[in-house]
Amino acid sequence: MNRVFSLAAATLFAATLAVPAAPPKAPPTTPSVDAIVADYVAARGGLAKIRAIKTLRQTGRIFEGQGREALVVREVKPPGRIRVQFTIQGVTAVFASNGTTGWKVSPFEDDMALKDLPDEVTHEAIEQADIEGPLVDWKAKGHTVEFVGNETVSGRAAYKLKVTLNSGTVRYSYIDVASHFEVRADSTRQVKGRDLQIETTFTDHKKTGGVLFPRRIEIGAEGRPQRARVVVDKVEVNPTLSDALFERPAPSQR
Amino acid sequence: MRKLPFLLFLVPAALFADVVYLQGAGTITGRIVEQNDQTVQVDVGGGIIGVPMSRVERIVKAECPLDVYEARAAKLAPNDVAGWLKLAEWASQNGLPMNAHDAYEKALASAPDNAEARQALGYTKLNGRWLTEDEAYEASGYVKYQGEWMTPAQAQIEQNSAAQDQARKDAEYAAIAAEQRADEAEARAEEAEKEAKKAQEAQQYAYPGYGYYGGYAYGVTTWPVGTGPNLGAGSRPSGGGRK
Chain A
4 MNRVFSLAAA TLFAATLAVP AAPPKAPPTT PSVDAIVADY VAARGGLAKI
54 RAIKTLRQTG RIFEGQGREA LVVREVKPPG RIRVQFTIQG VTAVFASNGT
104 TGWKVSPFED DMALKDLPDE VTHEAIEQAD IEGPLVDWKA KGHTVEFVGN
154 ETVSGRAAYK LKVTLNSGTV RYSYIDVASH FEVRADSTRQ VKGRDLQIET
204 TFTDHKKTGG VLFPRRIEIG AEGRPQRARV VVDKVEVNPT LSDALFERPA
254 PSQR
Chain B
144 MRKLPFLLFL VPAALFADVV YLQGAGTITG RIVEQNDQTV QVDVGGGIIG
194 VPMSRVERIV KAECPLDVYE ARAAKLAPND VAGWLKLAEW ASQNGLPMNA
244 HDAYEKALAS APDNAEARQA LGYTKLNGRW LTEDEAYEAS GYVKYQGEWM
294 TPAQAQIEQN SAAQDQARKD AEYAAIAAEQ RADEAEARAE EAEKEAKKAQ
344 EAQQYAYPGY GYYGGYAYGV TTWPVGTGPN LGAGSRPSGG GRK
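Heads up: the sequence lines are chains A and B, in that order. Residue numbering for the first sequence follows my numbering, beginning at 4 and increasing consecutively. Residue numbering for the second sequence follows my numbering, beginning at 144 and increasing consecutively.
It is worth saying that the hints were derived from the structure and are not from the lab. None of these values were measured; they are calculated from a predicted model. Cβ coordinates follow ideal geometry from the N, Cα and C atoms, glycine included. Among these hints, one or two may not hold up.
A few chain A residues facing chain B, derived, Cβ under 10 angstroms [claimed, not checked]: (1) Val94; (2) Ala96; (3) Gly102; (4) Thr104; (5) Met115; (6) Leu117; (7) Thr172; (8) Tyr175; (9) Arg227; (10) Arg251.
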């Protein structure tokens, strides 16, 4: 290793002696944030098609290893309305938000009662209800986006963007240089009272309703080998979703 | 003979599963094995879940994936590896991971080196040997900290963070205890002052006003709480006492 290093250093040193000083080579130009985002929006299908999506339903499976898996149905109706349903071995739990408050019925926990979601969970859910994603029309939404560097994601070049949501939440978005698809997103999530860096990768992109959706999503936390894999089997654009689906159900009288 | 059409209608219905709708949202689908005023016990195909009747909105009969799985499994020969693999994938797609697990195990019983079944059950092939997920993580140098596999460096970070949390908690508890002691001292001082005042009054001494007591030293009053909905280790039904 040292020999290689020495040889390289010697070669470089010799080169500096032999070649007259040339003006420094300009680094490859990085497009502006606006250009990166514009390419990303176009690659997804274009603003008009993205904007035509008023409701969304994604059905799939989530695998967490060692036989832990669930059916997942995610329904979204902006602004802020989101409902996620997990089914494991005939048991179905529901987590939902109407855009203001959140609730759940989770038979996987000890109590099967209808309960409010903690504020921070509701807040996170509402942020995820933006079908367009934060990059689309980010200025009008009050977010800020900065280019922070060039990275490699799964062996491919990607632009790393820092996205600061109008709520103050910071995310990092990785846009593939060649395809302009979003291939990775990093965020911070509180788990067991501590901040944990969560890395989400997106692959197997396919279009539904003219808009690109990833069909394979992998979620991992820093320093941990486990990965949750989401396989999206079906994407439905503009399904009929009543507002009542997202509202906290009234307690029934028995 | 005239009863035959009626019986034909009844028999399949009796084979249907029960769907227990919980109040508000959520369901438990399986076969009711016991029901009384207090609870309903539902066999979901991988165990029995007890649901308090106070949480139940209604119960209906309906065909469910478990019915289909059992009918298909009953037709498969034990050594039909392809058939078990196909059924396992179907069970997975229909929200029956425990039945999928069973079907993959059936396939492995006849074909122990079947990669599809091994991988679906969480095995990883390392140096020609199939290792469980835990064995593979261990072999790759990960350590288990509080039930989670992670890099030794991450475990160290978590450990340090937990120690800092504990130190903060200890400090908070100490502050609360000190506060309680201060309260008690204050109460005693108040009492003593009253006694002294009484004594003073008794002695007809004129002595104005009340004393000030020092402010309380507040500790940390809030702790970060809450996690988002996730499968975590709780992906197995546990509500109401799984058996």
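To see whether the hints hold, each was checked on the structure:
1. Val94: Check passed: Cβ of Val94 (chain A) comes within 4 angstroms of chain B, closer than 10 angstroms.
2. Ala96: For Ala96 (chain A), the interface hint holds, since the closest Cβ of chain B sits about 6 angstroms away, which is under 10 angstroms.
3. Gly102: violated (17 angstroms)
4. Thr104: Check failed: Cβ of Thr104 (chain A) comes no nearer than 14 angstroms to chain B, outside 10 angstroms.
5. Met115: Cβ of Met115 (chain A) sits 4 angstroms from chain B, so the hint holds.
6. Leu117: holds (4 angstroms)
7. Thr172: With Cβ-Cβ at 13 angstroms, over 10 angstroms, it is violated.
8. Tyr175: violated (19 angstroms)
9. Arg227: At about 5 angstroms, which falls below the 10 angstroms cut-off, the nearest Cβ of chain B leaves the hint on Arg227 (chain A) intact, so it holds.
10. Arg251: holds (8 angstroms)
Of the numbered hints stated above, those contradicted by the structure are hints 3, 4, 7, 8, listed in ascending order.
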